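Residue numbers (the working numbering), protein chains in the order written: chain A, 1 to 266; chain B, 1 to 505.
Because the hints were derived from the structure by calculation, they are not lab data.
Some hints here could point you the wrong way.
Label pairs and their in silico Cβ distance ranges [stated by the list, open to error]: (1) A:Val34 <-> B:Tyr285: 48 to 58 angstroms; (2) A:Tyr80 <-> B:Arg347: 46 to 56 angstroms; (3) A:Ile216 <-> B:Leu403: 32 to 42 angstroms.
Counterexamples of contact, computed for chain B against chain A with all Cβ distances above 12 angstroms [to be verified]: (4) Val103; (5) Tyr126; (6) Arg186; (7) Leu195; (8) Leu274; (9) Ala282; (10) Ile319; (11) Ser349; (12) Val361; (13) Ala370; (14) Thr487; (15) Leu499.
Which chain A residues face chain B? A few, computed with CB under 8 angstroms, are given here [unchecked claim]: (16) Ile35; (17) Asn205; (18) Asn228.
Keep in mind the model is a prediction, meaning the values are calculated, not measured.
C-beta atoms are modelled at their ideal positions from N, C-alpha and C, and glycine is treated no differently.
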Amino acid sequence: MLKTVRKDLTSALSWKVLLFVAALLVLPSLYGTVISDGYALSGPVDFFTLIMGGVLPLIFPLLAVAVYAVPFSNQLSNRYLVYTRTRIDIRRNLAAKALANLILAFIVFFLVAFLPFLWAFFIEPSLGVIDQYRQSMVGPDGSAVSPSIGNTFSQLLAIGPWAYGVGYSMVLGLNGSIYASLGFVLLFLISNRFVAIAIPFVGYNIANFVFGVLAIPQFSPAIVFPFNLIQFPMWVPFVPFTILAFVALALAVYVHRNTHRLDVLL
Amino acid sequence: MTGRTLTSARTVLWHAAFLVVSVLFGITVRQQAIGRGQESQASLNQWDHILGFLLEPYFIAYFLLPVWLFTSCVAIHRHFAIPALIRLGSYRSWLRSSILGAVRRLIPLMLIWLVSALLTSIGLPYEWGWSSASTTPTESKQILDVVSVQGLPPLAVLAIQLGLFTVTLIGCHAALAAVHLIAKRRYVTFLGAALVFFSLLYSFRNSFGFAPLDFANFFLLHRAFDAYDPIALVFVPVLVAVALCFAAARYADRQGDARLKLPVRWPLLVYLALCLLGILYAWVYKLQPSNSPTDLLFVAFYGVSAGGYTWMLYLFHSIVFLGFAYLFQLGLTEELDARIYYVALRRGSPVRWLAHFILPVAGRAPILLASLVAVTSVVALLGNLTGSNNAITEGIPDPGWVLYQFFVNGTLQLLCYVLITFIVSWVSGRTVAGLFALGALLVLSLPALNVGQLLPAALNSMGYLELGASELVRITVVLSIYLVVLTVITTLVVGNRRLFFNERI
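The shape of chain A in the complex, shown without the other chains:
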């Protein structure tokens, strides 16, 4: 099984995907650094927020499915997967691919947060690319405040910068793998591949809007990028995550139990 997963992972990393992932890892930090001149940043935490809060929150699920689910969908369109049924048990094959998808998305999105973290907290300060930070973050009354009250995840800063960096990267990685899995599983349930790939992205934006209208933005899926919201308890971001994980798991179980009856695989 693990061998199959490893094979799937290596075959998934085509040069197109590698280019895409490289862009995904580098561009946010690069862009954040370029525009940082126009912002009064109070420190690495603020700089990290600037990098992560720009473009990613808008298209996060689309990027998540682009890593593995979209290239994989071609195997469905050319009936490649159907023809492998004579060589390998289809359920085993699908499980390996689902796992490869999950792992790849987790690693990619872990790095999407972790590399900017390294850049903002360690590399950039030693290079001194950004001219100077303001001494401290100021609250509404003008007094200095600790950076750990900035957003929900910055509570981890109380433990230390590494806890923040690794913790937030883990959260982003997990969320990325959930969206990737949703897109992957939906490919088997919805015969129209465009719709299957679109659902995580479209649903994510619609849910963000609806939760915003209901005045509970902390429970919207975009809470994984909580930079423009006030601080919430640490369990709050895990509410939408748990729901999504449950949905993805339920769909995966459904696909597993009905593998032999799915139209897409006939």
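For this one, chain A is given, so just place chain B on it according to the hints.
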């Protein structure tokens, strides 16, 4: 004896029984009228009896209506047969023919009712005007007291009552037929009939505050006079109900032949609901009563400005405008993945196919914008946003520019979105690529990336109004140039045989 003769014999018997019951009931009504006349010591004429009979609630509620509802249900069930459906071709024509059948059934019944009223009025003095008994106000408000003071001659009241009653019964029949069309179960139709019957019974005794739901208004003219002024308005809810029945039949027609189509309807419904939600959001959270309807339009479609963006307003803007492109993509996916070869063959050439496919979408863009303006105005009116000080739009040139930005740049922007997603989908050979084009547009709309407003992304944002009128015209020029270029590219790409969709994978 043939079946037709048998049926007609049965009908004659049925009508004769109806006549007997009507006449018997007419006699009791006449005796009551005479009794009332003697009580008030005023003279009667034939109208007291005829109108009293035609407006008799008990006769209508316990005899006429149940008979009508029952026969309607039976007729609908019999008529809803495969041969009739095949002959008629569509549910809509079935509904039409069912209603015509109902009219044919109703005319004899109404005539019998009228004739029995006339028959039982024999012996009372004949006059053209109202009798003194009917115009004398009584303590217990009688039926004739209400209808005689409306300034209408008795003959007109008779005509209106008969007309109203006929239209209502036809409406009941149409509603039952529509229910049968959708449910296709006999017991559901009978349940519907029972519901109509019991709501009417309830409504006779207790009138609702909301006139269109008060059933008795549509059966009894004296109730209608109380609820509707002018009286002609009473016909409106009934006619609307009949129109809704036809809409239901149309829906059933669509349902019947739409199995091969993509479920475009659900996304569309969600899309429209989100549009409404966003407008309500702008109204509830952002505006005061002193704001004008233009302010609501401005805030709801604020989108991005040159300085930055607000998360929620930008999300709503993207949902409306990129959502339109997404719905287009849904239709395009179905067309390209399922049947491009067939439709391109049918149209003769891919370019001709393109014209047939894109032009209706292009036509829908202004329709969408006009509907959004209409909904915004309705929400503004309902929300009492009737101020005229344009508090929010103060910094901008003129409220007229709000409409300019919304309609002119909005239409151009929508068309650009549609063409961009089309070109990306077509050239890449995969419609999924169009989705990534939408994602790219979503990102490129951000003011930090769309520097100088040179990219065709969210340029129709109301936020750009703050830049002044000349900037809006510049945006129009930019969008027009993009539109021309995109149109040329689309035509070239579709016309090029080597770039034909799906040929390269």
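Against the structure, the hints:
Range check, Val34 of chain A to Tyr285 of chain B: Cβ separation about 34 angstroms, and the 48 to 58 angstroms hint is violated. Against the hinted window of 46 to 56 angstroms, the Cβ-Cβ separation of Tyr80 of chain A and Arg347 of chain B comes to about 33 angstroms, which falls outside the hint. Here the CB-CB span from Ile216 of chain A to Leu403 of chain B is close to 34 angstroms, well matched to the stated 32 to 42 angstroms. Taking the minimum C-beta to C-beta distance to chain A, about 46 angstroms, the non-interface status of Val103 of chain B holds against the 12 angstroms cut.
Annotated as non-interface, Tyr126 of chain B keeps its C-beta farther than 12 angstroms from every C-beta of chain A; the closest such distance is 68 angstroms. Here Arg186 of chain B stays apart from chain A, with its beta-carbon at least about 35 angstroms from theirs, past the 12 angstroms limit. Against the 12 angstroms criterion, Leu195 of chain B stays outside the reach of chain A, whose nearest CB is about 35 angstroms from its own CB. A beta-carbon of chain A is positioned within 12 angstroms of the beta-carbon of Leu274 of chain B; the least distance is around 7 angstroms.
Ala282 of chain B, annotated as away from the interface, has a beta carbon of chain A within 12 angstroms; the closest lies near 10 angstroms. The Cβ of Ile319 of chain B sits about 6 angstroms from the closest Cβ of chain A, inside the 12 angstroms cut-off, so the non-interface label is violated. Taking the minimum C-beta to C-beta distance to chain A, about 25 angstroms, the non-interface status of Ser349 of chain B holds against the 12 angstroms cut. Consistency note on Val361 of chain B: stated as away from chain A, and its beta-carbon is indeed over 12 angstroms from all of that chain's, at 17 angstroms minimum.
No beta-carbon of chain A is positioned within 12 angstroms of the beta-carbon of Ala370 of chain B; the least distance is around 23 angstroms. With a minimum CB-CB distance of about 24 angstroms to chain A, Thr487 of chain B clears the 12 angstroms threshold, and the non-interface call stands. In this structure Leu499 of chain B is separated from chain A by more than 12 angstroms, as the shortest Cβ-Cβ distance comes to about 19 angstroms. Nearest Cβ of chain B to the Cβ of Ile35 of chain A: about 6 angstroms, under the 8 angstroms cut. The hint holds.
Hint status for Asn205 of chain A relative to chain B: holds, with the closest Cβ pair at about 6 angstroms, below 8 angstroms. Because the smallest distance between the Cβ of Asn228 of chain A and any Cβ of chain B comes to about 6 angstroms, under 8 angstroms, the interface hint for this residue holds.
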